[in-house]
Structure formats: C-alpha cells, structure tokens
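J.: Here's the letter readout for the chains.
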Amino acid sequence: MLSRRNPQLNAHGELIHLLSIEGLPRDVLTQILDTAGTFLSVNDREVKKVPLLRGKSVFNLFFENSTRTRTTFEIAAKRLSADVINLDIARSSAAKGESLLDTIANLSAMHADMFVVRHSESGAPYLIAQHVAPHVHVVNAGDGRHAHPTQALLDMYTIRHYKQDFSGLVVAVVGDIVHSRVARSDIHALSTLGAAEIRVVGPKTLVPGDLAPMGVRVCHDLASGLRDADVVIMLRLQNERMSGALLPSAAEFAKSYGLSPDKLALAKPDVIVMHPGPINRGIEIDSAVADGAHSVILPQVTFGIAVRMAVMSIIAGNEA
Amino acid sequence: MSQPGRPKDEYRRAQPEGTPVGAAALPLDAQALYLKLRDGVRALLRPGTVLVGIWSGGAWLAERLHAELQCEGAVGVISSTLHRDDFGARGMASGTDATKLPFAIEGSHILLIDDVLYTGRTIRAVINELYDFGRPARVDLAVLVDRGGRELPIEPAFAAARIELPAARKLALARDAAGCFSFSVREA
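First to last, the protein sequences are chains A and B. Here my numbering runs 1007 ahead of the position in the first sequence, where the first position is 1. Here my numbering runs 1 ahead of the position in the second sequence, where the first position is 1.
A portion of the hints provided could be inaccurate.
Unchecked claim - Not everything, but these chain B residues come out facing chain A in the computed CB check (under 10 Å): (1) Ala-90; (2) Thr-100; (3) Lys-101; (4) Ser-109.
To be verified - With a straight-line Cα cutoff of 27 Å, these simulated DSSO-like cross-link-like pairs (lysine-lysine) come out: (5) Lys-1275(A) x Lys-1170(A); (6) Lys-1085(A) x Lys-1055(A); (7) Lys-101(B) x Lys-1085(A); (8) Lys-1262(A) x Lys-1211(A); (9) Lys-1055(A) x Lys-1103(A); (10) Lys-1211(A) x Lys-1170(A); (11) Lys-1103(A) x Lys-1056(A); (12) Lys-37(B) x Lys-1055(A); (13) Lys-1170(A) x Lys-1103(A); (14) Lys-1056(A) x Lys-101(B); (15) Lys-1262(A) x Lys-1275(A); (16) Lys-37(B) x Lys-1170(A).
For the record, the hints were derived by calculation from the structure and aren't laboratory data. Here a beta-carbon is modelled for each residue, glycine too, at the ideal position from N, C-alpha and C.
Please construct the entire structure, taking both the sequences and the accompanying hints into account.
T.: Next comes the structure, spelled out in structure tokens:
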C-alpha cells in the first residue's frame, strides 16, 4: 500500500500527515513557518479564533505523559474552531488490553478527522497513518526516541524569529542527545533549512555514535561546543528513559554540561538559549540562564501554539 | 478532511499557472482605471475613513490611494485566507500576507479596496476577518474592475470599470518595479 514515496506527502508533494522532519523538503518547512507567522497574529485579535477546522474533530491521543505539548495542541485546535477530544489513554481501553489499531478503528468510527499522537514506541504514528481513512490526518506529538516534529518546527520558528536567517548560524544542541527525539528532529530541520554549523554537545554515553552522517560536529566538551554559538538548545536530562549507568550522577552532569552564565559567556553576545521544557533547574540549566536575558524559553511555548495551528490547518487542507 | 473533486488552482501558489491571454484584447488600461478609482474613492471618503486593501492587488491600490489622497492615519491590509469557504478543497494558501490593521476597527468607517470583484466570496471572507477585530460602524467597497458573476449579494459602492469575462479566465492586477499597474488575463 505504502510506496517509496514519503508517507507524509501526497502525490503533489503536499503535507497530509506530520510524522517526522526527516525527508520533508525545505519549501514544506518554510510554508509551515510562514503560516505560523499568520496565526501568531490571531492572538492579538478581539476574536482569537478562526473557522478553518470548524466541524472537525481532533483527537488528542497521548499514550505518554505531557502537559505542555498536549495543552498547546488543544489550544491550537480550539483556535482553529475544531472540537477537541482528549483521551486519557492510561485510564482507557489500552490499559484493558486493546491494541493500538483497534483503538484507532473505534475512534475513527466516532468520526475523528485528525489524531495527535504521542507514544513511547518509535513509529507508532506511522503505523496509525498507514491505517486511517484517506480523509483522516495524523500528527506525531513525539514517538519514543524517534521524532518530535512540531517541537523542531517551533524551535525553527523561534530561531527564525530572533535570527531571521539560518545561513550563517552556529547552533549548539547540548545535553542528553541519545534519548532525545527533539535533538533528532532539530538536527534534521536545521540541516534542511541550511544552518551553517550544527554542534552536538554531551558526554560520550549520551551522544549516539552515528551522528556524523547527519552533518553535525560532535563535541564532548561544553566550552568548545558553546564557543561563538548563535543559538544554544539545551535538552532535558531524561532520567525516566535511562536504564543502566550512563551517568555517574545528575550532579556530575550538571558540573560538566549544565549551562551557567559563565559558560554561556563563551557564546556570541546575542546568543539565544532555548529549551523544549520541562526544565530541570540546576541540572542542565542554571536558573540565572533560564530566567536571564538570553532565554527565549517562554516565547517558544507561545510560538508552539501558532506552529501547531499551522501544521493542523495545512494537513487538513490537503487530500491524501 | 477535504472534499475531493475540485481542482486546486493558481490561487494556491504565489506564481500563476495557466496560459496567458493577451490583456491587450481587453479594453482595460489599469493606470487610467486607477485614476478613475482614485476619484471614486475620494467621493466616498468621510472624516475618519480608513482604507483597507485586500491582499494582494487591493493592498497595492490602497497603499497608493492612501498616499495620493493624503488620508489620515495608517492604511490596512486584509487577507481572506483564514475565512475562505473553499478551504476544504483548496487548503491553506501559501505566500499570502497576514492581515495588518494598525487602528481600531470598532466604530470606524472602513473602505475596502480590491482590484477585481467577481463572485463576492473573497469580500464575504474579508468582512468576517474584519469582524474578528471589532464591529465597524460602516463598511464600503471600491474596486478597480467588476467582472460580474456574483454568487453572493455583494455590490461595490464604486467600480472604475464593469466588464463581462468568461468564467474560465482569471483577471489579476500586476505591479511592476516602478509601481505601475497592469492587468494579466489567464486561462484558469
């Protein structure tokens, strides 16, 4: 059924699902960022709602915990006038043994038009996208260690907002790379949008060995990773995904890789500091940096709503 | 989520598609019509009227009218994108500019400016868009060309020209680097 074509794109190259940044052409990413700019201004209106998804049902299917992502997807869908149904999967039929595809088939019978899916298993949103009817769209809200495409898009929106252009930028992605779907999606997006240099910074145990083909420079020393960077993307230390002794201790990690004001001083004077949240204050980032003048962590959250509105409205308007 | 069957057309992309048809065959001199529009708009102005151009051709016209008629305050740009009734068939338009209304809509006299008035659906969408910013006291419409073919009960307060054009042809305003207007006609 699925050809070699990217399953996210229809025969005209238009986005019908958002599953991963990998393989998406630059003009699709740019269209999403441009559209998000239009939606950002909706916040300034007296009526903060547009009717593009009126009469459509968006099912938020979170098999894994999330507050920020689920809430921003819900706000985004509501601003587009969709009906939003949030499923607390932990308490639903999945807990009683229903398979993923049976859950989807049942929700489709309830006339779902779009699924926003977060799952601990990499590839779960792909599986769903392969089995839904042609008029149903799927957005990956984070799958395992694989991808978190809307986070990457909102990161790209944030970078473009503050830096305008990607071509001369040095971007450092710092911390727990190996467990991070955000890092993977960010690297693909930065590379597609033409960032000059992508650095990945972290201890050997938390940086996968296969990153060089993705066109990134790996640094195991924070100081050299931060030097003259325009953008620093800090990642959360994902204790819940760690099995075995990858780190001596969180305190040890904080000492070597935590972002403090003196380390940040090595970057460019107008550096921006980003974090997908939730932040572990005092571990990967000092409060002085998280709350400081270079931090754009809260604007990222605001931009996230506009970016998710853009993704949902674009895919909803394209036929399979 | 969208309805099949309706082809996606040049509205979708920034660059027009289709076969160009000689605009010279039409009795339309965009520069001369602009001067006629300027007179018509002048007659419609009241104290406090704000000009709002419909993206993209209408926005060019409104910008020039605003300067030449020495209107007070800022000029607005409005986009139909977020209220279009054919979203399901056409999807998100790319390359359109966002609405910019740098003044209060509540209680104001809005004069909408567009290049070509056809079915009236863009005007319907734009009026909805306008109301997302407040309740205007009055909304008027002035256009360069009314090509007939209305599908909604919408009429302009002023049209510099009225022509008949087959449904298969798309008429659009173009602006060159020097700011001069011309019409392009294409087979849809």
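J.: Which hints, by number, does the structure contradict?
T.: When the structure is compared with the hints, numbers 4, 9, 10, 11, 12, 13, 16 turn out to be violated.
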